[in-house]
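First to last, the sequence lines map onto chains A and U. Per this note's numbering, the first sequence starts with residue 212, numbered consecutively. Per this note's numbering, the second sequence starts with residue 212, numbered consecutively.
Treat the hints as calculated values from the structure; they're not laboratory data. Every value quoted in this text rests on a predicted model; they were computed, and no experiment measured them. Please note that the accuracy of each hint is not assured.
[To be verified] Simulated coverage check for chain U against chain A, where a stretch passes if three residues somewhere in it have a Cβ under 8 Å from a Cβ of chain A:
(1) 239 to 246
(2) 410 to 418
(3) 434 to 444
(4) 449 to 455
No residue lacks a Cβ here, since even glycine has one placed at the ideal position from N, Cα and C.
Number of protein chains: 2
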Amino acid sequence: MGGDFGPRITVPACLEALALHPELHIYLIGQSSLIDPLLANSNVSLKRLTVIDCQDFVSMDDKPSYALRHRQNSSMAKALQMVNEGAVSACVSAGNTGALMALSRKTLGMLPGVDRPAIISAVPTSEGCCYLLDLGANVDCSAEHLLQFALMGSGMVKAVEGIERPRVALLNIGTETYKGNEQVRLAAERLKVQPQLNYIGFIEADSVFDHCADVIVCDGFTGNIALKSSEGLARFIAAKLRINFSQNIYRRMLGWLARPVLKELQQQIDPGRRNGAAFLGLQGIVIKSHGGANQDHFVCAISQAVQDIHTDVPGRIRDTIASQLGQLSRE
Amino acid sequence: MGGDFGPRITVPACLEALALHPELHIYLIGQSSLIDPLLANSNVSLKRLTVIDCQDFVSMDDKPSYALRHRQNSSMAKALQMVNEGAVSACVSAGNTGALMALSRKTLGMLPGVDRPAIISAVPTSEGCCYLLDLGANVDCSAEHLLQFALMGSGMVKAVEGIERPRVALLNIGTETYKGNEQVRLAAERLKVQPQLNYIGFIEADSVFDHCADVIVCDGFTGNIALKSSEGLARFIAAKLRINFSQNIYRRMLGWLARPVLKELQQQIDPGRRNGAAFLGLQGIVIKSHGGANQDHFVCAISQAVQDIHTDVPGRIRDTIASQLGQLSRE
Numbered sequence: 212m213g214g215d216f217g218p219r220i221t222v223p224a225c226l227e228a229l230a231l232h233p234e235l236h237i238y239l240i241g242q243s244s245l246i247d248p249l250l251a252n253s254n255v256s257l258k259r260l261t262v263i264d265c266q267d268f269v270s271m272d273d274k275p276s277y278a279l280r281h282r283q284n285s286s287m288a289k290a291l292q293m294v295n296e297g298a299v300s301a302c303v304s305a306g307n308t309g310a311l312m313a314l315s316r317k318t319l320g321m322l323p324g325v326d327r328p329a330i331i332s333a334v335p336t337s338e339g340c341c342y343l344l345d346l347g348a349n350v351d352c353s354a355e356h357l358l359q360f361a362l363m364g365s366g367m368v369k370a371v372e373g374i375e376r377p378r379v380a381l382l383n384i385g386t387e388t389y390k391g392n393e394q395v396r397l398a399a400e401r402l403k404v405q406p407q408l409n410y411i412g413f414i415e416a417d418s419v420f421d422h423c424a425d426v427i428v429c430d431g432f433t434g435n436i437a438l439k440s441s442e443g444l445a446r447f448i449a450a451k452l453r454i455n456f457s458q459n460i461y462r463r464m465l466g467w468l469a470r471p472v473l474k475e476l477q478q479q480i481d482p483g484r485r486n487g488a489a490f491l492g493l494q495g496i497v498i499k500s501h502g503g504a505n506q507d508h509f510v511c512a513i514s515q516a517v518q519d520i521h522t523d524v525p526g527r528i529r530d531t532i533a534s535q536l537g538q539l540s541r542e
Numbered sequence: 212m213g214g215d216f217g218p219r220i221t222v223p224a225c226l227e228a229l230a231l232h233p234e235l236h237i238y239l240i241g242q243s244s245l246i247d248p249l250l251a252n253s254n255v256s257l258k259r260l261t262v263i264d265c266q267d268f269v270s271m272d273d274k275p276s277y278a279l280r281h282r283q284n285s286s287m288a289k290a291l292q293m294v295n296e297g298a299v300s301a302c303v304s305a306g307n308t309g310a311l312m313a314l315s316r317k318t319l320g321m322l323p324g325v326d327r328p329a330i331i332s333a334v335p336t337s338e339g340c341c342y343l344l345d346l347g348a349n350v351d352c353s354a355e356h357l358l359q360f361a362l363m364g365s366g367m368v369k370a371v372e373g374i375e376r377p378r379v380a381l382l383n384i385g386t387e388t389y390k391g392n393e394q395v396r397l398a399a400e401r402l403k404v405q406p407q408l409n410y411i412g413f414i415e416a417d418s419v420f421d422h423c424a425d426v427i428v429c430d431g432f433t434g435n436i437a438l439k440s441s442e443g444l445a446r447f448i449a450a451k452l453r454i455n456f457s458q459n460i461y462r463r464m465l466g467w468l469a470r471p472v473l474k475e476l477q478q479q480i481d482p483g484r485r486n487g488a489a490f491l492g493l494q495g496i497v498i499k500s501h502g503g504a505n506q507d508h509f510v511c512a513i514s515q516a517v518q519d520i521h522t523d524v525p526g527r528i529r530d531t532i533a534s535q536l537g538q539l540s541r542e
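Just chain A, with the same shape it has in the complex:
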């Protein structure tokens, strides 16, 4: 029910995802009066799609505290309860991020040794991608929280990218050890003595896209600013390119000829192509789609959930954290 477009985007995306992943079964939870008409002309076998009618839903304006108190019967809460009961393997939502985070935490609970969930997403780089966390779940973070994010991010990247020792960096405003705020400097001290981590030091925000790290750790305020700044600039550049290529007939023709090249660029920088941010640290898989996602983007979010199920991301994170806790108890 969530996101800027609701079922008219999410339902067709589910049908596409079912065609893409033969082993997938999707439960659509929401107002069936809105969902059913969108399924009427579908040619995907409906044996793998179950609609669960649920009238209440979390609105985009609900504060997390309000959702916790008053939205326990919403489609979002119901989906998370199904993850908790083991009826489904993951929950995907384009809805209210704060409410999804609060309800996820309450319904699923945290993995042992993790204080707070973090939001992680892939960012394109010159040679593939890297993973950035936290992207907004925690505005203030201690060094201990940043350490937990590093362990979780490393565990996830091991699982989904198959990298044995992912390079972990801390996002900072300089690479010298004395740069940055106290939390970042303290976190650096903690990270560099963890044998579970391949910590490579501080990284500046302009190097995020240079593929010099696999996991980049920061507090949620910083991560959100980094991600959104680059999204804003990408939009700005796309708009400038459109204007520059339409100033006269010659340029318009040139733009038409160059369309495949420019389209390629658009795909390379489109954040939607990597849509589907995972909530790490929970006892279950929850994937948050961008609210403004189109159909293709929402399919990406579902595919991310499928991948996280296959590679058992929560299990890998549990192992990474447990190995660090084990080491602590031995010390």
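Dock chain U against the given chain A, drawing on the hints supplied.
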């Protein structure tokens, strides 16, 4: 002496700036053995250029505290002393940012009512530019500091852009009043009751380029991350465009035809075009050029100094702060 390239960039840039600004007189402070050969073949009248030999200089690795103790006879310190004595109207440097900030603060002193200097720079937007501060001088900021930054930024934009009531926004991870960390929320309470400010609320980082504010205020950690993330993405996109337009002969030809259009884009997003970040809150004008600036970029930094001298940026900031302090004392 500073920056990645030293005199071989800064000296030719000075000659270009002298040709551009007929009223300008430049004092070049540094090792004359490096400077003089670069002036040998110049056709600019050397009546408007004075070389002051100074052997010591601040290295890019000097910590601010080290520079304060051991670099009082450096070219950087000497230039700031000349600003303080009124021998020159502004100091421009491509050197070590932390050292320049520490030496500026000690040599020039702060304007009354300002606790800390802030770094401000223009950022391109869809309809011109906006100004972002702080860009890295202060990693931790209280609400009071953010308020002072807002007043200083507003004073500067009034002066250099001629906007009577610049729109001031706080950079945050959401536009709702309950979003963000404590400092940002407290700052919002302070800003909205200032009659000197045209405060318009929170702004998200992806809207920075949309021209919805003239002054965007944040702590130095956040500002640095926002600016460098977008610089990194701009570089990433430029590299992708180069690759996409060189994959085969047809595309190479297309790229050659589209060169003027792409060059236009490069100029539109080139942060160097707006090179020259001002240190606000000091009793004098100090302009910091990007360390990696090329000759054109360094000319921009000198032009920024010329503009700040003509519009008396420190005076305008003093007035804005004094009017707020006056209001406080009346309350």
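Status of the hints after comparison with the structure:
no., hint, in the structure
1, 239 to 246, "violated (count 0)"
2, 410 to 418, "holds (count 4)"
3, 434 to 444, "holds (count 10)"
4, 449 to 455, "holds (count 4)"
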